[in-house]
Every structure is written in structure tokens, then in C-alpha cells.
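K.L.:
Protein sequences appear in the order of chains W and Y. Just add 6 to wherever you are in the first sequence, counting from 1, and you've got the numbering used here. Just add 2 to wherever you are in the second sequence, counting from 1, and you've got the numbering used here.
It is worth saying that the hints were derived from the structure and are not from the lab. Treat the hints with caution; some may be incorrect.
To be verified - If you want the footprint, here are the derived chain Y segments under chain W, 3+ residues with CB under 8 Å:
| id | segment |
| --- | --- |
| 1 | 42 to 49 |
| 2 | 57 to 65 |
| 3 | 112 to 121 |
| 4 | 250 to 257 |
To be verified - Result set (EDC-like, lysine to aspartate or glutamate): computed pairs, CA atoms no more than 16 Å apart in a straight line:
| id | chain 1 | residue 1 | chain 2 | residue 2 |
| --- | --- | --- | --- | --- |
| 5 | W | Lys142 | W | Asp182 |
| 6 | W | Lys348 | W | Asp421 |
| 7 | Y | Lys68 | W | Asp266 |
| 8 | Y | Lys62 | W | Asp421 |
| 9 | Y | Lys68 | Y | Asp110 |
| 10 | Y | Lys138 | Y | Asp164 |
A quick note: this is a predicted structure, and the numbers were derived from the prediction, not measured. Cβ coordinates follow ideal geometry from the N, Cα and C atoms, glycine included.
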Amino acid sequence: MPQTSFIDAAGTLAQNRTLLRFATAGSVDDGKSTLVGRLLHDSKAVLVDQLEAVARTSAERGFGGAAGGLDLALLTDGLRAEREQGITIDVAYRYFSTAERSFILADCPGHVQYTRNMVTGSATADAVVVLIDARKGVLEQTRRHLSVVALLRVPNVIVAINKIDLVDYSETVYNDILEQLKQVTAELRLQGVHAIPVSALEGDNVVERSTKTDWYTGPTVIELLETLPAIDEIESENDPFRFPVQLIIRPQGGLVNGLDADEYRDYRGYAGQVASGSIKVGDEVEVTPGNFKTRVTGIDLAGRAIDSAFAPQSVSLRLADEFDLARGAVIGAVGTLPEPVKEIHAEIFWLDSRSAVPGTRVLVKAGTQTVQAIITSVIGRRNLDTLAIEGTDELKVNDIGNVVLRLASPVPIGDYNQNRRAGAFLIIQPQDGSTLAAGINTNAQFDEFDI
Amino acid sequence: MSISEIKTGQKLAEHRLGLLDTLESEAIHIIREVVAEFERPVLLFSGGKDSVVVLHLAAKAFWPGKVPFPVLHVDTGHNFPEVIEFRDRTVEKLGLRLEVASVQDYIDRGILQERPDGTRNPLQTLPLLEAITNGKFDAVFGGARRDEDKARAKERILSMRDEFGQWDPRNQRPELWNLYNGRHLPGQHVRAFPISNWTELDIWRYIERENIELPPLYLAHEREVYSRDGMWRAVGPVSMPNPDEVVETRLVRYRTVGDMSCTGAVESNAVSISDVVLEVAGSTLTERGATRADDRISEAAMEDRKKEGYF
Chain W
7 MPQTSFIDAA GTLAQNRTLL RFATAGSVDD GKSTLVGRLL HDSKAVLVDQ
57 LEAVARTSAE RGFGGAAGGL DLALLTDGLR AEREQGITID VAYRYFSTAE
107 RSFILADCPG HVQYTRNMVT GSATADAVVV LIDARKGVLE QTRRHLSVVA
157 LLRVPNVIVA INKIDLVDYS ETVYNDILEQ LKQVTAELRL QGVHAIPVSA
207 LEGDNVVERS TKTDWYTGPT VIELLETLPA IDEIESENDP FRFPVQLIIR
257 PQGGLVNGLD ADEYRDYRGY AGQVASGSIK VGDEVEVTPG NFKTRVTGID
307 LAGRAIDSAF APQSVSLRLA DEFDLARGAV IGAVGTLPEP VKEIHAEIFW
357 LDSRSAVPGT RVLVKAGTQT VQAIITSVIG RRNLDTLAIE GTDELKVNDI
407 GNVVLRLASP VPIGDYNQNR RAGAFLIIQP QDGSTLAAGI NTNAQFDEFD
457 I
Chain Y
3 MSISEIKTGQ KLAEHRLGLL DTLESEAIHI IREVVAEFER PVLLFSGGKD
53 SVVVLHLAAK AFWPGKVPFP VLHVDTGHNF PEVIEFRDRT VEKLGLRLEV
103 ASVQDYIDRG ILQERPDGTR NPLQTLPLLE AITNGKFDAV FGGARRDEDK
153 ARAKERILSM RDEFGQWDPR NQRPELWNLY NGRHLPGQHV RAFPISNWTE
203 LDIWRYIERE NIELPPLYLA HEREVYSRDG MWRAVGPVSM PNPDEVVETR
253 LVRYRTVGDM SCTGAVESNA VSISDVVLEV AGSTLTERGA TRADDRISEA
303 AMEDRKKEGY F
């Protein structure tokens with residue numbers, strides 16, 4: 007196993023370091039806050055004044071655990087209401103680095119509104135860490151967390167089998183849980199799952215390799231996090247070029263001081279972020295709406311002309327032909343853009359206290375386009391224990407289910423199962439602007455149900 | 003133990019964006035989204051390093067066009083003169099419109115009262131909110147980062163504010179993928195934080211890489227200071243030492259620039275940006291803990307101010 011070394015200035019300053027976003031899921035009882043605190047503490051991301059505050063509070067509360075009497079869970083306590091109630095109520099973002107990589111951790115509370123928080127945390131995550139209490143094994147809640155992860159297609163899953171110290175570091179217990187886990191992941195068709203025996207409280211196999219689990223030869227949590235591929239790496243390499251246009255840069259009168267007005271009089275740059283794949287100057291591309299074909303004549307990265315770009319770079323493209331393109335247009339590799347559709351068969355994660363019923367008028371935001379829409383039918387609610395869709399005509403807060411949406415104008419939305427950014431959308435309340443739901447276009451056939 | 007096969011990172015090396023490029027790309031995407039979807043954005047610009055970085059990113063986002071929105075400075079009146087000079091020069095260089103909301107003006111008009119401790123950071127809220135209302139700004143860019151503080155760790159990238167400028171941490175919109183929902187009711191506005199995901203070290207490494215100019219007090223310089231509450235305070239018109247506090251000349255620099263009366267300096271030999279990067283990388287105190295007296299008052303200090311509409 008590679009030796010992991012932590013923040014020394016040289017490592018932190020390495021130029022080739024990359025970023026990994028991951029989320030943690032699990033309840034307070036699983037020791038999630040302690041695991042997060044342990045990651046921060048052992049990777050030396052906790053600075054002296056924060057540590058002093060934790061030590062003070064630990065002492066006041068009479069915490070008697072390990073790590074020199076530090077209640078590491080306190081490191082993740084955010085808002086005062088949470089501290090008073092001893093719970094976490096919202097996703098909190100934490101930052102830490104090792105010599106290899108920088109991490110953004112979305113810490114998702116497990117108890118309250120777990121669907122909402124899990125979806126929020128997982129939507130941008132390259133990896134999710136799911137906690138299991140070694141004394142309890144795979145619970146209903148574990149299945150639910152893994153279901154959300156599977157539906158959102160998070161490419162890497164780390165299952166931390168925690169509190170392994172409380173079962174005497176038993177390999178048998180670990181193997182039993184692994185069997186349960188294999189069954190669930192097979193049912194969910196979940197890819198890229200890794201299980202690790204850990205004790206967040208004692209620090210076993212989180213950052214430091216445990217001396218008490220010699221039967222376990224795999225990586226520690228941090229070693230895995232340092233090596234797993236980020237979504238953008240996977241999607242820029244394997245998927246076709248896709249570029250939703252955010253806005254058109256035509257400086258005309260408002261040119262940057264010092265630039266030659268004549269040179270930039272006709273400048274027209276299509277600004278956006280590469281959603282997947284890569285592009286080179288000279289490549290032929292296709293534009294929707296309109297199905298025009300043209301060629302990329304230039305790629306600008308803030309005043310610097312570059313030869314090629316890949317996900318997730320923000321650039322401006324110059325094209326050989328002038329089209330009347332606006333925000334919402336999508337530029338993509340020839341022959342790969344989805345046909346714009348006026349109907350979406352979607353899996354949605356309903357996040358608002360107002361229910362979704364047939365006839366609900368909403369807005370759909372996909373890529374850089376927002377259109378009016380109606381939920382024409384609610385197909386059913388997903389039972390997170392069996393993953394089956396059960397017929398209903400109403401989705402309530404924290405329900406996951408299938409619906410059909412009719413759109414006021416066609417949108418080139420892709421299949422989420424092929425590309426996450428191309429197939430993801432928001433459902434928005436048209437009057438007050440609330441985000442009602444997260445949606446993914448699955449192109450599923452709902453014909454087994456009466457619509 | 004691997005339960006099923008994963009895609010390995012091996013053959014992906016060619017398309018691997020580094021940390022700073024990833025953060026820059028995300029920030030530019032956010033800035034462009036806000037400009038595309040809002041009527042009247044504005045950028046809070048204090049001359050502090052975080053707002054300087056946001057302005058730099060905005061300039062990159064719209065090149066070869068100018069930054070398509072004005073900047074707003076909430077001026078406490080307790081300024082370091084070097085910062086004001088830097089502010090004006092930067093705005094001039096980029097050809098931007100500068101609006102100033104003056105705390106002093108509110109005090110002169112009797113609307114705000116000076117606090118007994120003399121700090122004016124908490125007094126910025128009202129002038130800020132009125133400047134937002136009067137300017138009809140619907141999106142307000144800020145340089146806040148989630149790593150600064152526990153309350154900010156839960157802040158969204160696009161964060162709704164009601165007509166009192168209040169942040170309701172229990173009722174935040176879920177933020178999904180890179181789809182930002184900025185729709186709001188009349189009277190509400192949105193705070194937009196493009197560098198939410200940057201750490202202090204990321205900021206410094208980016209300043210170094212992009213060669214971004216900063217007010218000179220971020221680098222070590224000799225200054226007359228005295229020690230109070232474990233921080234070095236500059237001697238100045240609004241920060242005079244008490245008779246028992248000893249004034250001495252020391253080599254110091256600032257990690258944040260704000261209200262001169264409550265912003266402390268740290269002793270430092272960092273005379274260049276790369277020195278600062280090394281210093282920050284090896285630092286053991288958080289930025290706010292080290293140098294902001296007002297954040298040390300209580301553990302929930304920042305949360306309280308944010309709820310009241312602070313940045």
C-alpha cells in the first residue's frame with residue numbers, strides 16, 4: 007500500500023493535485039460525525055484554535071472518549087440550533103487536503119429529511135461514504151441510502167463498517183456484513199462499491215492503517231479517496247462532447263481596456279462549461295436547436311487562446327458560422343446530441359411540502375434552459391426497501407417516484423444513465439421560485455402501469 | 003475489499019483538471035449563470051483578497067468584454083488608506099462603476115450609533131441593505147468561502163435573502179448538480195458566492211499563479227502596533243492604544259483587511275505572495291480566529307450577523 011503523508015507544505019503546494027467531492031451518509035448513531043471529525047483531525051485539517059474550542063467543549067460536557075478526550079464530532083457541529091439539539095439539520099461542506107488531493111466533503115445529516123440531504127450531497131459527489139454500525143449490519147436505512155446513491159449513479163461508493171472496535175475487530179462479523187451488502191448491491195446493480203472495517207472513534211483504517219485488523223488487506227478510507235476517479239475525469243474521457251451555451255459574449259462597446267476595438271468588433275464567443283467529453287479547434291460540431299453543423303475556429307480561456315478543452319472547463323467557443331444562438335442552445339459532437347423532446351419520463355426526488363399531483367404546473371430547468379411544464383401523470387412511488395415502483399397519484403415530500411412531464415417547448419435533454427449533467431434537471435415552483443424536486447431523465451418506459 | 007469492479011483512474015490522466023483550474027472553472031460558470039439569469043447583479047468589493055479574486059474571475063468570465071456589472075463597497079469609514087487607494091485604482095483599470103455605501107454617513111445622519119467597542123463591522127448591514135434596495139440589485143456577488151466559519155459551511159452558492167436581508171439556514175434551497183435556481187419574489191434578492199468551495203490556501207495559490215495585485219498590507223511591512231487580545235493592532239486614528247498598551251514597531255502583515263479598529267495583524271516575514279503561500283500552508287490558526295476580534299466574541303458570532311443580513 008502507498009504510504010500516505012499529510013500536510014507538509016511541499017505536498018500541499020504540489021501543482022498536479024486534483025479535487026474530489028464526496029458525501030457522507032449515515033445517522034448520528036452510526037458515528038458519522040465522528041468519522042468526519044476523524045478525517046479532518048487525522049489529516050491535520052483542524053487548526054489550533056478550532057481544536058482548542060473542541061477541547062474546551064469536550065471538557066465542559068465531560069466527554070471521556072479516545073483521542074485525548076476530544077469529541078471529534080464537535081468539529082462538524084455547525085449552527086447553534088444544531089449544537090443545542092445535538093443534531094445536524096443541513097448539508098455542511100468541509101475542506102481538507104492530503105499530499106495527493108484536495109477534498110470537498112458534503113456532510114449529509116441522516117435523521118431529518120434524509121432524502122433531501124442525501125440527494126443534495128450526492129448530486130455533485132464523485133464518491134459517497136455510507137456508514138454501517140458493525141453491531142447492527144445492513145439496516146433499512148443503509149438500503150435507502152444505497153438506493154439513492156444507485157439512482158443518482160454516484161460512481162464510487164465506500165461502505166465504512168464502523169465501530170469495528172465494539173465487535174472486537176472480528177473478521178467474521180465483517181464478512182457477514184459483506185455478504186448482506188453484496189446482496190443489496192446486486193439488487194441495486196450498484197457499481198464501484200468498496201467496504202472497509204473502521205473505527206472512527208479509535209481511528210482504525212480511516213487515515214491510519216489499523217494494527218488490529220490484519221485480516222483486512224484493502225486500503226484505508228483516505229487511501230481510497232485519494233485514488234478514486236472523479237466524475238469529470240470519467241465523463242470527459244468516455245462521453246461525447248456536450249456544451250450548453252450560458253451566454254453569448256459580444257463585447258462591441260464594452261471592450262476590456264487596452265484591447266483593439268477593430269480586432270474585436272465582430273467577436274462572438276459562446277460561453278459555457280464543458281459538460282462532458284472534449285473538443286479541439288477544427289472539430290466539427292452540431293448545434294441544437296436547429297441541427298446546424300459548423301466547426302470550432304477558436305477556444306478562449308479568458309484571453310488565452312487554447313487548442314482543446316475538456317470537462318469541466320469554462321471556456322468560450324468561436325464557431326465558423328454565425329447562428330442566431332441564445333442561452334439554452336447546446337453545442338455537441340456531431341450525431342450525439344439528443345433530439346429535443348416535449349415529454350420527459352423521469353425519476354424525481356420530491357423535496358417540497360406541497361405534493362406533486364397530476365396537473366401541477368411547474369418550471370423545468372435543464373442545462374441552461376428553463377421552460378414551463380406540467381406534471382401530466384404520477385406513475386408511482388419508489389419503495390426504497392424493494393426499489394419497486396408502487397402505484398400512486400401523489401408524491402409527497404421526500405418521496406422518490408416516476409412522473410411524466412409535458413414541456414411547453416422542446417428541450418435537448420439527455421439520458422441521465424449515460425451522462426449525469428446531460429440528463430439532470432430541476433423542478434421549480436413558478437410563483438415563489440422554490441426548488442420542488444430534483445429530476446433525472448431516465449427515458450424509462452412506464453407502460454407496465456396504466457397512465 | 004472491492005465488491006464490484008470500478009473504473010480506474012489509470013487511462014484518465016490526459017483529461018485531469020488540476021485543483022485551481024477546477025475551482026476557477028466552477029466559479030466562472032457560477033458568475034456567468036448569475037449574469038445570464040438576473041437583471042441587476044452587483045459585486046461587493048472591499049479591496050480584500052477574496053473580493054479581488056472574485057473580480058479577477060469575473061474579468062476572465064467575460065473577456066474580451068468588460069465585467070458587465072458595477073461594484074459596491076460598504077465603507078466602514080475605518081479604512082486602511084492603502085486599501086481605498088487600491089480599490090479606486092482597480093475600478094479605474096477595469097473601467098467599472100463604483101458605488102459606495104458609507105457607514106460614516108449613516109452615523110452622521112443619526113441613523114446608526116457608534117458601538118461602545120468602536121468596531122463598525124456590525125454596522126455595515128443597514129447601509130448594505132439600503133444600497134441593494136436603492137440600486138434595485140437582485141443578485142449580490144460576495145467573496146465568502148465555506149471554509150471560513152461553521153455557519154458559512156452550510157451556506158449555498160446562491161443564497162436567498164428576504165427583504166430584511168435575512169438568511170434562513172433552516173429553509174435553504176437544495177443545490178443540485180451545477181443547476182443553480184435563482185428565481186425569487188420581488189423584494190427578495192440572492193447572494194451569490196462563486197468561491198464558496200475555495201480554501202484560504204487555494205486563494206493564495208491562485209493569487210500567486212495569476213499574479214493578481216493586492217493591497218500592499220497583505221505583505222509583511224514595518225508598522226507601529228500594540229498587542230490587544232493576543233492580536234497586533236495597528237496604531238491609527240480609530241485604533242489608538244490604551245495608556246497601558248505598549249507601542250512597538252514590528253514586521254507584520256494582514257490576513258484580512260476590514261474595519262481598521264478591529265482587524266489585527268500577524269507577525270510575518272512574508273514579503274512576497276509565494277512567501278505568503280508557504281506561510282498559509284504551514285499556518286496553525288484559522289484566518290478569522292487569528293485576526294478578527296468581532297468573530298471571537300462568541301462561537302455563534304458569524305451566524306448571528308449572517309441572519310441579520312451581513313455578507
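K.L.:
Going straight from one Cα to the other, do W:Lys348 and W:Asp421 come out at no more than 16 Å?
P.N.:
At roughly 14 Å apart (the allowed maximum being 16 Å), W:Asp421 and W:Lys348 satisfy the hint.
K.L.:
Given that the segment 42 to 49 of chain Y was listed as covered by chain W, double-check it with a C-beta distance under 8 Å for 3 or more residues.
P.N.:
violated (count 0)
K.L.:
Checking C-beta pairs, does the segment 250 to 257 of chain Y have three or more residues closer than 8 Å to chain W?
P.N.:
With 0 residues closer than 8 Å to chain W, the segment 250 to 257 of chain Y misses the three-residue bar; violated.
K.L.:
Go check the segment 112 to 121 of chain Y versus chain W for me, would you? Three or more residues, Cβ under 8 Å, otherwise it fails.
P.N.:
Per the Cβ count (0), the hint is violated.
K.L.:
Do three or more residues from the segment 57 to 65 of chain Y put their C-beta atoms closer than 8 Å to C-beta atoms of chain W?
P.N.:
Holds, because 5 residues of the segment 57 to 65 of chain Y bring their Cβ atoms closer than 8 Å to Cβ atoms of chain W.
K.L.:
Are the Cα atoms of Y:Lys68 and Y:Asp110 separated by 16 Å or less?
P.N.:
36 Å, violated
K.L.:
Take the C-alpha atoms of W:Lys142 and W:Asp182, compute the straight-line distance between them, and say whether it is at most 16 Å.
P.N.:
11 Å, holds
K.L.:
Is it true that the CA of Y:Lys68 sits at most 16 Å from the CA of W:Asp266?
P.N.:
13 Å, holds
K.L.:
Please work out if Y:Lys138 and Y:Asp164 have their alpha carbons no farther apart than 16 Å.
P.N.:
Since the Cα atoms of Y:Lys138 and Y:Asp164 sit roughly 14 Å apart, the hinted pair holds (cutoff 16 Å).
K.L.:
Straight-line Cα separation of Y:Lys62 and W:Asp421 no greater than 16 Å?
P.N.:
Cα-Cα ~32 Å, so violated.
This entry does not satisfy hints 1, 3, 4, 8 and 9, going by the numbered hints stated previously.
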